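We have chain A; now place chain B onto it with these hints.
First to last, the protein sequences are chains A and B. Counting with numbering that gives the first Met the number 0, you get residues 0 to 330 for the letters of the first sequence. Counting with numbering that gives the first Met the number 0, you get residues 0 to 290 for the letters of the second sequence.
Read the hints as simulated data drawn from the structure, not as lab findings. Bear in mind the structure is a predicted one, so any value in this text is a computation, not a measurement. Just so it is clear, CB atoms sit at the ideal spot from N, CA and C, and this is done for glycine as well. Be aware that a few hints might be false.
[As the list claims (entries may be wrong)] Pulled a few chain B residues facing chain A out of the computed Cβ check, cut under 8 Å:
1) Tyr97
2) Ile187
3) Val273
4) Val277
[As the list claims (entries may be wrong)] Below 30 Å or equal to it, Euclidean Cα-Cα: the simulated BS3-like pairs (lysine-lysine) are:
5) A/Lys327 to B/Lys92
6) B/Lys171 to A/Lys215
7) B/Lys92 to A/Lys329
[Stated by the list, open to error] Which bits of chain A does chain B cover? Going by a derived footprint, with three or more residues having C-beta under 8 Å, they are:
8) 57 to 64
9) 125 to 134
10) 137 to 150
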Amino acid sequence: MTMADTKTMSNTTTVATTGFQPLGFSPARFWLMVATTLAVIVAPFVLYPIFLMKIYCFIIFAIAYNLLLGYTGLMSFGHAAFWGMGAYLTAYSAANWGFGFEMALLMGTVTGAVLGLIFGWVAIRRTGLYFAMITLALAQMVYFICLQAPFTGGEDGVQGVPRGTFLGILDLRNDWTLYWLVGAILLAIIILSNRVVHSPFGQVLRAIRNNPNRAKSLGYNVDRYKLYAFVMSAALSGFAGGLKAIIFQIATLTDVSTIASTEAVLITLVGGIGTIFGPVVGSMIVLSLEHYLAPYGPWVMFTQGIVFVFFVLVFRKGLLGEIQDYFKTKL
Amino acid sequence: MDFNMNLILGQMVLGLVNGVFYAILSLGLSVIFGLLGVINFAHGVFFMLGAFAAYMLGELFGIGYWPALLLVPLIIGALGLVVEVTLIRSLYKLDHLYGLLLTMGLAFAIEGLIRITFGPQGLPYNIPDSLRGAINLGFMFLPYYRAWVVVAGIILCVTVWLVIERTPLGAKLRAATDNPQMVQAFGINVPVMLTLTYAAGVALAGIGGVMAAPIMSVDPAMGTNIVIVVFAVVVIGGMGSIFGSILTGLALGLLEGFTKAVFAEASSTVIFVVMVIVLIARPRGLFGKMA
Numbered sequence: 000m001t002m003a004d005t006k007t008m009s010n011t012t013t014v015a016t017t018g019f020q021p022l023g024f025s026p027a028r029f030w031l032m033v034a035t036t037l038a039v040i041v042a043p044f045v046l047y048p049i050f051l052m053k054i055y056c057f058i059i060f061a062i063a064y065n066l067l068l069g070y071t072g073l074m075s076f077g078h079a080a081f082w083g084m085g086a087y088l089t090a091y092s093a094a095n096w097g098f099g100f101e102m103a104l105l106m107g108t109v110t111g112a113v114l115g116l117i118f119g120w121v122a123i124r125r126t127g128l129y130f131a132m133i134t135l136a137l138a139q140m141v142y143f144i145c146l147q148a149p150f151t152g153g154e155d156g157v158q159g160v161p162r163g164t165f166l167g168i169l170d171l172r173n174d175w176t177l178y179w180l181v182g183a184i185l186l187a188i189i190i191l192s193n194r195v196v197h198s199p200f201g202q203v204l205r206a207i208r209n210n211p212n213r214a215k216s217l218g219y220n221v222d223r224y225k226l227y228a229f230v231m232s233a234a235l236s237g238f239a240g241g242l243k244a245i246i247f248q249i250a251t252l253t254d255v256s257t258i259a260s261t262e263a264v265l266i267t268l269v270g271g272i273g274t275i276f277g278p279v280v281g282s283m284i285v286l287s288l289e290h291y292l293a294p295y296g297p298w299v300m301f302t303q304g305i306v307f308v309f310f311v312l313v314f315r316k317g318l319l320g321e322i323q324d325y326f327k328t329k330l
Numbered sequence: 000m001d002f003n004m005n006l007i008l009g010q011m012v013l014g015l016v017n018g019v020f021y022a023i024l025s026l027g028l029s030v031i032f033g034l035l036g037v038i039n040f041a042h043g044v045f046f047m048l049g050a051f052a053a054y055m056l057g058e059l060f061g062i063g064y065w066p067a068l069l070l071v072p073l074i075i076g077a078l079g080l081v082v083e084v085t086l087i088r089s090l091y092k093l094d095h096l097y098g099l100l101l102t103m104g105l106a107f108a109i110e111g112l113i114r115i116t117f118g119p120q121g122l123p124y125n126i127p128d129s130l131r132g133a134i135n136l137g138f139m140f141l142p143y144y145r146a147w148v149v150v151a152g153i154i155l156c157v158t159v160w161l162v163i164e165r166t167p168l169g170a171k172l173r174a175a176t177d178n179p180q181m182v183q184a185f186g187i188n189v190p191v192m193l194t195l196t197y198a199a200g201v202a203l204a205g206i207g208g209v210m211a212a213p214i215m216s217v218d219p220a221m222g223t224n225i226v227i228v229v230f231a232v233v234v235i236g237g238m239g240s241i242f243g244s245i246l247t248g249l250a251l252g253l254l255e256g257f258t259k260a261v262f263a264e265a266s267s268t269v270i271f272v273v274m275v276i277v278l279i280a281r282p283r284g285l286f287g288k289m290a
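Isolated chain A (complex conformation) (with noise of 0.2 Å):
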């Protein structure tokens, strides 16, 4: 998808700044990092830590999902697949292959990374709504297969993981020590994508989002651009997916389900598309809306579906999105 029309996407002209940018990091940005920071910290002593970690494994995915909305400008609606098959193939290698806590979770995140080389070879050769159509199309494909393979357990999912020990040395059976890593995790993917968007490689990427002829026309290859950004972000998504199912013990078929895309898709819009921390309260946002909705059955999905109407007509540049404008500041 290109943002042509960049005025409603956040805009961002970088400017470069030789000012003080600790972890590489803008000041209002810094600030908002401090805050997360303590949220994370003081969190668990106020809420059920393993729901936290849900949240934090989805803010990872909308991370991810970010990279290539926000600052590619690609639309895919098949993340479900790289966030569903790194779930499987984690909980797999980790139930039955003896694999460890380091080594699961590599393998989730390959394959992500594999499955979204395919995925990407195939759909870059459309752009727009047809990306989007083709990865919803190519992920559907994937749960139809995984319904029916026998390594997935079918309705049963791969069921008691093992989450095993991180480095040798921590315990990971106790919720607290699992906590504390999972936080750290999240905590330090939150400054790699900062840091990977205003990289180099980010700029260009952006430039492709703003005007992709302009950007081949500077000497870009733009499709292996977006093939990079792709892939880079399903194996994110693989390694969340992976991180979901170490956590809750089990893989399923709703993380490989359409369900699990639409869900990066909403969380990347309440949060602010194209904004570092708008995944962080994006995801906080809809987990709880369907944590505390979850006893009312379908009233999950229609709550789902105004936020999603609701967000496109009034607040379409995402909380974060709106509050950046208002302050006139790049969150």
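Using the frame of chain A, we list chain B on its own:
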């Protein structure tokens, strides 16, 4: 391997029934996309609503299949009218992606509402008395109802094609798809045309829903399930040609039926596999024009 020829033919005929639904839905999707530039994710939901509307008309007012076939498209069309005027219209100036996001949200909200009201399980809808029974084709017993769906569905598609390609109204529609500013300058009310096109497109999906009600179970997920396949059908056919959408829909239904007979495990994925092959060999789709 030895294949049972009767089984293959039988499954292909049944596949053709699905193909008719693919054709009807991809037709509406293409026309709406061509003129409005919106991928109507809610298309499947309008198909589902068509089936539910037929069911409700029967339950509440005792209205049978045949009157429902006429009434339901009016109801669904009116609903489409409201949706276009209140929601979709405000997005035409924006990036196309917002149209997709909006209709997706709409699809969720409507499907959720139907689930809240009717529960997740399927509801029964009876075949009309006049179409009970089956005909012996030699290789299979084909229920009259399915034969009717195939014949009526193809006639419906061809009629829509004739209206678009051979009437003055269709000529205006095609002109507006090509260059809306120019058509507007000629004094044609393009905004009204967009509204009516959206209404007509979803009404078509509504008719499809009524026709599907006695065959598929009337359940809230029926729309979302079929619309993803229809997206693949649209990618395969390419959106440039109305006739192409019809032909692609029917052919893929046949192929799906054939696969069910020879390699049942692949029947749910075969259309997606074809999509991948077409994208590699001919990215613009079988009947698509170059972008």
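Structure-based check of each hint:
no.	hint	result
1	Tyr97	holds, 5 Å
2	Ile187	violated, 26 Å
3	Val273	violated, 10 Å
4	Val277	violated, 10 Å
5	A/Lys327 to B/Lys92	holds, 24 Å
6	B/Lys171 to A/Lys215	violated, 37 Å
7	B/Lys92 to A/Lys329	holds, 25 Å
8	57 to 64	violated (count 0)
9	125 to 134	holds (count 8)
10	137 to 150	holds (count 7)
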